[in-house]
Each structure stands twice: as C-alpha cells, then as structure tokens.
Amino acid sequence: MSECKLSVDYDQYENGVKIIDLIEELAGKDESLQLESLIIGDWGGAYENDSSEIVEALVRLKDRFPQLRSLFIGDMSYEECEVSWINQSNIGPILAAYPDLRSLTIKGSTDLSLVPAQHDKLEELTIICGGLGKDVLTSINEGSFKNLKKLELYLGVEDYGFDGSLEDVLSLIEPGKFPLLTYLGLKDSEIQDEIAIAVANAPIVDQLHTLDLSMGTLTDKGAEALINSEKVKKLKLLDLNYHYMSDEMMNRWKQSGLNVDISDQQESDDDEDYRYPSLTE
Amino acid sequence: MKSMIIIGNSGNRRTTGLQAARARLGLPPALVLDYLDVLQGKASLRSVAQSMGQTVNEPPLLRLDAPGEHFEVERELIALGAPDAATQHLDERWLRFNKNPVQPISTKMAKTMEEVKGKLYHPSQWFRGYCILLSQLDREAAHLWDMPSWMNAPEDIAAMFDKRHTHDILSSAGLPVARRLAAPEAIPDYDTLRDIMVNKRTYRLFIKLAAGSGACGVIAYQVNPVTGAESAVTTIGVENYVRRPPIFYNVKKLVNYKDHQVIRQIINWLLRHGAHIEQWIPKASYRDRTFDIRQLVVAGQACHSIARISRTPITNLHLDSDRMSLEEVGISEHLQTTVRQCAEQTLSVFPRSTVAGIDVCLSSSSYRPYVLDVNPFGDLLYHSYYEGHDPYEWEMKMTSLSTTI
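In order, the protein sequence lines correspond to chains U and S.
Heads up: the first sequence begins at 840 in the working numbering, then just goes up one per residue.
Heads up: the second sequence begins at 281 in the working numbering, then just goes up one per residue.
Note that these hints are calculated values from the structure, not bench results.
C-beta atoms are modelled at their ideal positions from N, C-alpha and C, and glycine is treated no differently.
Accuracy of the hints is not assured; some may be wrong.
[Said to hold, decoys possible] A short, non-exhaustive set of chain U residues, derived as facing chain S with CB atoms under 10 Å:
hint : residue
1    : C843
2    : D850
3    : E921
4    : W924
5    : S928
Starting from the given sequences, assemble the full structure and let the hints guide the process.
Written out as structure tokens, the structure is:
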C-alpha cells in the first residue's frame, strides 16, 4: 500500500513551514493519484493550532487523492504534543469528501467533532485521546456506519474531556447499530469496570472476534463479569492489556484457556483514586 | 607506558571500573587521589606525585573523575564555594556565572551539614566550590610538570559542566543545538520566564540546572497557550515547612507536576541557582516511545553508543527507560555516521579534552541530530562495547598504550 506521512518538524515549524503547504505540495505530485494511505503527523503547535485547515485542504483537494483509503489525522508522540493538548476540529466533512475511505484514525479530542457521522464504506474508526467528549459519542451513536468492522474508542478521563456516562457508551453497542462489527474497543477508560460488566453479556459480543477493554482501570470487579460470561468465551481475542487485576485473577485467566492479553499489570492500590488509564495526558 | 593518577572517589564504581580495565590490559593500577583528601588538605597532586617518584619529564596521565555520590565531598565543595572561604589566588575566569551564590551557606554552616538522602543542598555554591577546586588542581599540576597530561583539562571540565557555557560554546562553533529561550541573566524568575514564553510564542522548554548532571535538575516544562494548563516533568521534589525554608530534593523518579504553585516554586529555585533554558526538540520515536543517544568520544574518535528509549521526555533516568543499540532502534548506517560525526565535532570544541559522553537526539520525522548535553564524566556505560572493549578499557588503550597522546 502506498503511504505517506506529512508532518512539520522542529526546524520547519521555526522556519514557518505550514502543514497546508506540505499537503498542497503532495497534491501537486502525480503520486497523490495513487496514494492509498495518508498520515498527518504533527502539524506544528498542535497545542494551539487546530486541524481545521487540514480538513479544509483535504476536502478541497479531494480529487487529487482518488485512491485514498486510510487517513490518520494527528499521528504525533507526546514529545510533539501531549495527546490531551492536541486541538482537533470537525472531521465530519472528510467523511463526505472521501466516500471510498475505509479507515479513519484521529488522535486528540480537544474540540473534536464528527458531524455528520455518516459513511457507507468506512470499515475502521479509531479515536485515540485522553478523554472523549459525550458529543462525539452521541454523533457516532446517531450517525450511520453501515460497513464498520472495527470501532476503537479511547474513552479516557473526565479531566481530559470524558464527560459522558456509562449509558452514553453503551448506546453505541445496541443491537443492529453496526451489523458487521467484529472488533470493539472501549478502552483507556476510568470506568473500565462498569464498561466490562455491562459489555460482558451484551448481545453485540456474539458478533465480535475481538473485545478490547485494554489500557483502562480494569480490576477484578470488571474481570469477574468477563470471566463468567459465556459470550466472552467465544471471542478469538480478549485484550485486557494494562490493568489493575490481582495475581489471583490473572491466574484464573491463564487457566481459562481463552486467548486473553493480560500483560502490563499495574501496581494495585485499594484506593481507586490512584488508578489511572494508560493514556490520559 | 604512562603511570596514571585518578582524582576521584576511591572505591566507587567509576574508580573500580577503571582500575579493573587497567588490570585487564596489563597496566599497573592508577594511583587514586581522593577528592576528600584533597579538600581536607590530607593529600595533593604533589604528595601523590612524590610518592610515585615522578620527574618533570614524565608527567603521569591525569584523570579527573566525577566527584558526585559522596556526601562528605559534596559538603566540602559547598564549604569551599562559600563566599567567606579563604581562597587563595582565586581566578575569576573559572567562576563565570557563579561569582555570587544566592543565599550562600557559610563555611562553618557547610561543614556541619548533615546528610539528608536525596537533598539538593546548594547546587550553585557546590559548583562554585568545584570550579575553585579545579582551578587549584590545574595550577598545582602546572607547577609540577611542564606539560601536565590531563585526559580532560580542568578548565574544559568546568566548561562542559556548565550547561549555559556549553550551549554558548557549541552554538558559536556552529554545532546543532536547540535554540536557547533567552540569555540566563534575562530569566531571573518564573514570572519573567512566562512573559518571555508568551513574547516568543514558545511553550515547550527544557529547563536545566546549569551544573546538574544526569536527570538531576532537569525539567521538561510546557504551558498550554489555549487553556493555560502547565506540565512540569522532573525528578525534583519539594517539601515545605512552617518554621524553616523548603527542602528541594531528588525523588529518583519522574513526577509530572500540574499544580501552578509547586511548578512556580521549583522553577524559581532552579533559576536562582542558575539554569539554561532551551526549546524542547521533539525526539524521534521508537515504536510508542522516544529516544536519544549517548555517544562516547575518546581521543577524537566516536566509539561506544547507546540509545536510551523512554516513555518520558527525560531519557537519562534508568528507572523509566531502556537501553538498546542504535541498530536495534533502526538507525541506519548513514545516520549513525552522522551522529558520530556530530559527537566528534562536539568534543573537538574542547581541544584539551580526550573523553566525553555526548547526548544527541534526532528530531522527530526529519531525524536531524542535535546536541543535548556534553558530559565530561559520561563514560560510565554498562554492557557497552566497542571493538570488544568496554569504555574504560578503550580509553586506556587509546591513552595509556598510545604513544601519540
């Protein structure tokens, strides 16, 4: 797959190079016509400059990227910008401009929206952030992604933008919403136990091959519901990587015969104030 | 074959490591002149040289090693740096930025200090004391030998140790370094720092204690210009008391402070003791972590190197980072050569020095090298080999066995 990553590095940013210039330069080349995957990295000062210009440029230049199937907006490390400080914008227009897109990944949730949340061919939607807003959850919930096979949402913590409730999260997995979904990731959450308990016996699990509840504050409480679920037993992979489960619970998983990732156990403390998801800031 | 004198703390891992390397190469053990003995007047370069029976024409190899990790030495150096210390023939050149330490500790007070694990006692006065000691050793060696054979000249060590000065020298020499926010004297306190950050629209910085070593005294500081949120990642901790001044200490792990008052207090303390502030260059990634490189240079030639991979902005803390070879993190042969050349050019700016560990980062996406730090004692690298030799063996091979140096 032909792939290209554009980003503005330390020197370029100091010298006034703009990500728009790089996008336009790429669009001006013939290779853009064959490009299947585009990764937008650090666009320079993402802690104060949002992604709206990028969205606008990609929409304007859509005819130069006819083969684009995969798009990542905001692929930057903490060295470039803390995830919770990345300023996004409404990514919705991208969905309308690129009807053949299959995979969309967004990193950062400050001022992120996804309106209209509608796409007939999108197979993968991933949002990586330290705290996902209720409005984005609602957009996805009320939107339409008929062909979605993988939904991976970092829910994060209240301090960094997670202002939803368990109900807002659960409304996403009501039966029939994503008929083709096989990978569900509701992860990196400070209410990971509640999510685990609610998802453990939800009808949607029957259609999944992977349930990803990793990177959150999962303890034995949530794990108990999962390990006792008949639906969970049928999964091909249960991802619980980064967790606060006890050694005893980990042993039970090891003996369960299930394909479960229980790596990266966090030091457990009885005080839940000291439990954090993996990616928050 | 040259004899050798190490000025260091005997019995520590550096001195022991070097002696072991000499033994493996069939070299006689070096004589160790303890910092503490020098500081307490119990021994001197002269007394060691006399015991060796050296003549003027056969200067021994002189190696200054790190004075750290030894409380009594630290206490003596702080006493030596006290404004009331009886310092003869003090050459002001050696003190550059450190002419008047803030809130000085008197000699008497310094001598009675008791050890508090991790406490940062008085970095600027310590450094003043260390520079005074270096100048004394330099002068003493010049009296003893026509051409003292320093591995690293004392004046170079003072220059490399002071990050403000190092940055000056490297940028004048045209080496790639991160842009300095402003001259150190233009940033006396936190409030001024914040003003300058706004004026220069620079919100991500490394604040480094001028004479700190390793991760100690470094803050990766950033301000979110939209929300005003602050983040300061550092190993510095502070404890406040009602009836006595706060204590600043090294917590040996990284803390990410968000609280404005705490950040302000720590930064103010650092700035009072002298700090170098430069832009934070986003480092290149290895998978989901980032890394920088410690490149050792010996006798003008780059040798041992390690990549330090971390989830945090401060890579030199063993606790939170991994060590890998440059190949393992996927750095091309071409790029390795670039890093080596960059490190060699860096050491060449200090022509009277034979050894330094140069910290180089590659900027994210473009992989351009930048010099982050120059460590005169940066050769304590475990499990690192170059042409089959560990760093100490290699240094001895290049210096003691060679006839050209």
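How the hints compare with the structure:
1. For U/C843, the interface hint is violated, since its Cβ never comes within 10 Å of a Cβ in chain S; the closest pair sits about 12 Å apart.
2. At its closest, the beta carbon of U/D850 sits 7 Å from a beta carbon of chain S; the interface hint therefore holds under the 10 Å criterion.
3. The criterion of a C-beta within 10 Å of any C-beta in chain S is met by U/E921, whose closest approach is roughly 7 Å, and the hint holds.
4. Because the beta carbon of U/W924 sits about 5 Å from the nearest beta carbon in chain S, less than 10 Å, this interface hint is met.
5. Checking U/S928 against chain S by beta carbon gives a least distance of about 13 Å; that is not within 10 Å, so the hint is violated.
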